[in-house]
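*Asks:* Sequence:
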Amino acid sequence: MSEKAILIICLTVLGAGGLLLVIYAGARRRGALGEQIDMARRMLKNSKNPWKREDEQVEELAKKVEALTKPK
Numbered sequence: 063m064s065e066k067a068i069l070i071i072c073l074t075v076l077g078a079g080g081l082l083l084v085i086y087a088g089a090r091r092r093g094a095l096g097e098q099i100d101m102a103r104r105m106l107k108n109s110k111n112p113w114k115r116e117d118e119q120v121e122e123l124a125k126k127v128e129a130l131t132k133p134k
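All you need for my numbering is the position in the sequence shown, starting with 1, plus 62.
The set of hints was computed from the structure by calculation and includes no laboratory data.
One or more of the hints may lead you astray.
[What the hints assert, rightly or not] FRET-style restraints, in silico, Cβ to Cβ:
(1) Ala67 / Asp100: 40 to 46 Å
(2) Leu123 / Ala89: 25 to 31 Å
(3) Pro112 / Gly88: 24 to 30 Å
(4) Leu76 / Asp100: 29 to 35 Å
(5) Asn108 / Ser64: 47 to 53 Å
(6) Asp100 / Leu123: 25 to 31 Å
(7) Val84 / Glu118: 29 to 35 Å
(8) Arg104 / Glu128: 38 to 44 Å
(9) Met101 / Glu122: 39 to 45 Å
(10) Ala78 / Glu128: 58 to 64 Å
(11) Leu130 / Ala102: 37 to 43 Å
Cβ atoms here follow ideal geometry from the backbone N, Cα and C, with glycine treated the same way.
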C-alpha cells in the first residue's frame, strides 16, 4: 500500500473519531445522556402510533357520553 493511501486511511479514522468525540461532548454538556436516550425511545414509540393518546382520549369521551345518554 502506498504512503498516500495509509495517510488517507489514518486521517479518515482520526476525523471520524474526532467527530464522535465532539458529538458525545455536546450530548454530555446539554444534559444527561440517559435523558436523551429516553427521549429518543419516546420518539420512536410515538412514531409507531402517533395518534395513540388522542385515540385513548376519544375512547374515554365516548364512554362518558354513553354513560350520560344511557336510559335510566
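*Asks:* Now, for every hint given, state plainly whether the structure supports it.
*Replies:* Here's how the hints hold up against the structure:
1. For the pair Ala67 and Asp100, the beta carbons lie near 43 Å from each other, so the given range of 40 to 46 Å is met.
2. A hinted range of 25 to 31 Å is violated for the C-beta pair Leu123 and Ala89, which are about 40 Å apart.
3. Remark: the range hint 24 to 30 Å for Pro112 to Gly88 is upheld by a beta-carbon distance near 28 Å.
4. Distance hint check: the CB atoms of Leu76 and Asp100 are about 32 Å apart, consistent with the given range 29 to 35 Å.
5. For the hinted restraint 47 to 53 Å between Asn108 and Ser64, the CB-CB distance of approximately 51 Å keeps it satisfied.
6. Checked against the hint of 25 to 31 Å, the pair Asp100 and Leu123 passes, with Cβ atoms roughly 30 Å apart.
7. Distance hint check: the CB atoms of Val84 and Glu118 are about 41 Å apart, inconsistent with the given range 29 to 35 Å.
8. Between Arg104 and Glu128 the beta carbons are some 32 Å apart, a value that contradicts the proposed interval 38 to 44 Å.
9. At roughly 26 Å, the beta carbons of Met101 and Glu122 sit outside the given window of 39 to 45 Å.
10. The given range of 58 to 64 Å is respected by Ala78 and Glu128, whose C-beta atoms sit roughly 59 Å from each other.
11. Hint check: Leu130 to Ala102, Cβ distance near 41 Å, so the stated range 37 to 43 Å holds.
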